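Based on these hints, arrange chains S, B and E on the given structure of chain W.
Number of protein chains: 4
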Amino acid sequence: MSGGAADDKRFDLIAIGRACIDLNAVEYNRPMEETMNFTKYVGGSPANIAIGVSRLGLRAGFIGKLADDQHGRFIKKYLSDAGVDTSQLIVDREGHKTGLAFTEIKSPEECSILMYRDLAADLYLKPEEVSEGYISQAHTLLVSGTALAQSPSREAVLKAIQFAKRQGVKVVFELDYRPYTWKSAEETAIYYSLVAEQSDIVIGTRDEYDVLENKAGGSNEETTGYLFRHKPELIVIKHGVDGSYAYTRAGDVIRAHAYRTKVLKTFGAGDSYASAFLYALAQGKDIETALKYGSASASIVVSRHSSSDALPQVEDIEAVIAGHLIANG
Amino acid sequence: MSGGAADDKRFDLIAIGRACIDLNAVEYNRPMEETMNFTKYVGGSPANIAIGVSRLGLRAGFIGKLADDQHGRFIKKYLSDAGVDTSQLIVDREGHKTGLAFTEIKSPEECSILMYRDLAADLYLKPEEVSEGYISQAHTLLVSGTALAQSPSREAVLKAIQFAKRQGVKVVFELDYRPYTWKSAEETAIYYSLVAEQSDIVIGTRDEYDVLENKAGGSNEETTGYLFRHKPELIVIKHGVDGSYAYTRAGDVIRAHAYRTKVLKTFGAGDSYASAFLYALAQGKDIETALKYGSASASIVVSRHSSSDALPQVEDIEAVIAGHLIANG
Amino acid sequence: MSGGAADDKRFDLIAIGRACIDLNAVEYNRPMEETMNFTKYVGGSPANIAIGVSRLGLRAGFIGKLADDQHGRFIKKYLSDAGVDTSQLIVDREGHKTGLAFTEIKSPEECSILMYRDLAADLYLKPEEVSEGYISQAHTLLVSGTALAQSPSREAVLKAIQFAKRQGVKVVFELDYRPYTWKSAEETAIYYSLVAEQSDIVIGTRDEYDVLENKAGGSNEETTGYLFRHKPELIVIKHGVDGSYAYTRAGDVIRAHAYRTKVLKTFGAGDSYASAFLYALAQGKDIETALKYGSASASIVVSRHSSSDALPQVEDIEAVIAGHLIANG
Amino acid sequence: MSGGAADDKRFDLIAIGRACIDLNAVEYNRPMEETMNFTKYVGGSPANIAIGVSRLGLRAGFIGKLADDQHGRFIKKYLSDAGVDTSQLIVDREGHKTGLAFTEIKSPEECSILMYRDLAADLYLKPEEVSEGYISQAHTLLVSGTALAQSPSREAVLKAIQFAKRQGVKVVFELDYRPYTWKSAEETAIYYSLVAEQSDIVIGTRDEYDVLENKAGGSNEETTGYLFRHKPELIVIKHGVDGSYAYTRAGDVIRAHAYRTKVLKTFGAGDSYASAFLYALAQGKDIETALKYGSASASIVVSRHSSSDALPQVEDIEAVIAGHLIANG
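Chains as they are written, first to last, in numbering that gives the first Met the number 0: chain W, 0 to 328; chain S, 0 to 328; chain B, 0 to 328; chain E, 0 to 328.
Calculated from the structure, these hints are not laboratory results.
Errors might be hidden in some of the hints.
Pairs involving identical chains hold if they fit within one copy or between any two copies, as the list cannot separate such chains.
To be verified - As a list, the in silico DSS-like pairs of lysine-lysine whose alpha-carbon atoms are at most 30 Å apart:
{"#": "1", "residue 1": "K75", "residue 2": "K230"}
{"#": "2", "residue 1": "K125", "residue 2": "K76"}
{"#": "3", "residue 1": "K8", "residue 2": "K214"}
{"#": "4", "residue 1": "K8", "residue 2": "K125"}
{"#": "5", "residue 1": "K164", "residue 2": "K75"}
This structure is a prediction, so every number in the text was calculated from the model and none was measured.
So here's chain W without its partners, still in its complex pose (with noise of 0.2 Å):
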């Protein structure tokens, strides 16, 4: 991955996976019930991620299905305002709907999301309408947990994961589990464990990897020792304001730290994270200065009120990283 001008690459990053609404409310730190006002934001992981590195000034594209309705034309004008890449955004012709996530914010600690997901249109994007063309031409494929989730949308990101091995271009796999939709634990492990054995980078939450093995308080010298036996070079495994570590297939391990901030909300930390650690990667930077960036990006965002509007820029990342107030510290 490079934000260089020299390349034969279009694309530093390819997302692929759900990109919907988030309806957050207007009055917070109180229950839902209460909340009378929201307002609209685009949300899911992946859409997050594709508009966060393109802020950050990398060439990013995106591959999903939306709702032929007022909020999927909403959601393709805002992503191309941001500068993503929306040519291999497909309509939806079979009447699903936008995925919806309203959001209650009780207190910084006691956040929850109300979901729509129940036929989402996301969930409907079949393998055929992956383009092997497209994703050759991306230096990363950035694959989101959560549209494993079903069919058709589960083959579409294995046919991707496919397409994207054979062309030599590298898969990073953001686990970004959410629990709605999944049929079992059985079922999310297995797939999980699929394409994290095939990935070569792997970023999540030591609760997501988790989910991944299928048990309870696993250890990252567990998870990294199982997954170096395959596929991936890089593995990030986040402890939420405790750090993050990343673990490299040659035995390094690399920590960093939180940045201490006025935390408004913890939606939005992930993407956030994942986008600022991959641009820095693409940078050339350091694992050590990546994470920082990740740290960073997603301090900022939990202070903001929505996910994607509060993406940040490169210096406002460099902000917080120069202003070194770190969290648990």
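Then chains S, B and E, alone, in the frame of chain W:
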């Protein structure tokens, strides 16, 4: 139906069917793609009618099913605060969602609704969740056509009608046709005619009667000729700004004009019409007066932002009638 | 209904519902696990009744849907060879299958059926595939309860009944209850009662009327008291070896005994009963005689291997009546 | 895989997938419409292979799901009588049915199957019903492609393969492609390639490899070139009467001829081929000999009425090889 004092019945009207959420555009006179803020209201025709008659002073109850989430709890509290008995509001335990309606108001003439009705909790009310004892306590059972769109809600309503007939409770059928959810025009016509034939009063627009008969451009004469061969005593057919007609089995035809108003949007007109019309009948007013009440109430709601909050008081309605500004007059 | 010469109608009886395949154990008096060979017959209550009345000399037609495969073509040819009009047998184009019934005859008292009814083609007959013109050509429309078990077959039957009522065609409802396919006892009772209330003649076993009323141990008095408040003129309630009862709206109660026979299995008794009973009525015979025809025909079929091939000729039936060996007599 | 004496493993081969019922036409050389009698046999490729290797002397087990009915119990008893371990045959408790295959033999060249596979119990085997401990006791896990057609059976097989890889158990993939049940050619190719890439031995017809690659007219060179970039060590590609080819990762290509026989029908050829081929390998025979065993066994089964009962003994196979009558020779 009677709002009077001495009465052996506990309720003037019990409505059965959906109660859901309207998300009304804060910024209107524009496409929804450009609307960024939405305000939350209770919606759904039978819920609005129950609220409407309760606000006018009748004793109302509601039979329905709510999602086990923040939206469901909001609806229950709103109905309860409006004076509607909520003892028969069943909480869904199977993960269904609250139905949503995002409203788009491009202009008074161009309004549309973006519906989220897939797997809506209200459609999962089961026949065994309907109580014959509860229905027996009402003068009138109000049935909304949308509840017939899918099993098991369809069977719950058929069962409720069976109970009403057995208990001597009048059945009012508000056609309330919403194309969403229905599989085919054939299926719609089958259940609409099946229920209309068993009802005492039928209320709908001319277009909705065409749906019931599964043909285009039907005439009021044919419609009433057909339905009076079955149970109905009173048939109300609404023709928008051209006013509405009531037909009685005895052969009377009464016309009412629509009232002039500054139309903001068309949503909610039918619900406010039905609630005021049924209120007036319950008060022992004659049909001509009841039609005026319906028209006046509709003219108030179409000039306001919401469908439920906007439902008027008796004095509001009577002021409009007294002002007698007639549309198309 | 009449089989007489001068007649402006084309059919004495049109049956609507399922036509499927019975696979009868060649080796019986043993569990099916030990049966290695099966013989193929046409099965399904309304198909058997159409074949039965045709064999007795009435002019019969059939409305149904067949799988587009070898079993479907076999059924069509069999019906046609039996003299039943097959012009309204729709061929399914959506990949549905012919329903199957493997019969197990452990002993005359212990018979069971292993049903294959998931996605059976007959349940996919659509209301728009039912012709009002065709139904108008019959004296009688025979409706079988199983066709009500699922959409869209359910709506096709409701539509056919609507046509029959509009065209002055008598509706005979053979309860034909099969637990398979139905979702709940509540749902079954709702549609059974809805159709029974609109029929001219209702025929079933005591157990089937209990299903219609959704209660255990119902009495004939209650059943007839309830149904005579609606459309039925004639109600036949069968009590197995204890014989059957016909109740008329005028208040007559006529009992018929069952005939003694060497019982091989109990399958097919109901279909043969209905076809002979309806034949006799069509011939202008009185109810008592018609009941005897039904009983005699049933006694013949239960002594034979199949349900359809075994349906008797008039002379077979009359020979049994003449022999007057009464079961439990 | 070894059938030898000193061995720390309990099973030579464990098969996973479907076990169902074949209903073979008693009267053949005619269309099924004219067939009145059917004989019942156990069917399903992996069940036949387990029976086949057991009959040849290997120790076999089976992992699958059976309907809770007479057909399910018949299958369990048949497998058990054939010496196959049935401890991992789960009984379905959700009302699914035994898969059926009615065979039609118009001529040796024109055979077809009428499948009943909707909601077949075998497709409902769940990943949590597959035991890692059980699989660890085998030399070889035989996977059949049809089990990948639908969830949750698909995930159960993916899980079994994960277990096998972790436990050092060889995976043999019998492509066994049946168009029925699969939703699309794209989806089929995705799961076929995913599993083939993880298998040690792959066996199929040229047509089945075309399905795996989702293209028409593929070449053996391309197929083996692709698969040898992944896990497979040995690839068998069958060309019907033109014989079969084995390709090794080391670059060897071994061809075997088909044996002349009086063909009754083509069903069962693949299963008998696989069982004899795998038996020979387990006996330590070289690949050329194993191919002959496969061909000889297939030539025997296609001349007999059933697929399972017809599976030969070792001496039958060796007699054919000794007779060396080669088809197309």
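Status of the hints after comparison with the structure:
In this assembly of identical chains, the alpha carbons of K75 and K230 never lie at most 30 Å apart, being 34 Å within a copy and 41 Å across copies at closest. When the C-alpha separation of K125 and K76 is checked against a cutoff of 30 Å, the pair qualifies only within one copy, where the shortest distance is 22 Å, while the shortest distance between copies is 42 Å. Taking the closest pair of Cα atoms, K8 and K214 come within 30 Å of each other only across two copies (28 Å); inside a single copy the shortest separation is 40 Å, beyond that limit. Within a single copy, K8 and K125 get their C-alpha atoms as close as 25 Å, which meets the 30 Å cut-off; across copies the closest is 43 Å, which misses it.
Taking the shortest Cα distances, K164 and K75 sit within 30 Å of each other inside one copy (28 Å), while across copies they are farther apart (43 Å).
Hint 1 from the earlier list is the only one contradicted by this structure; the remaining hints agree with it.
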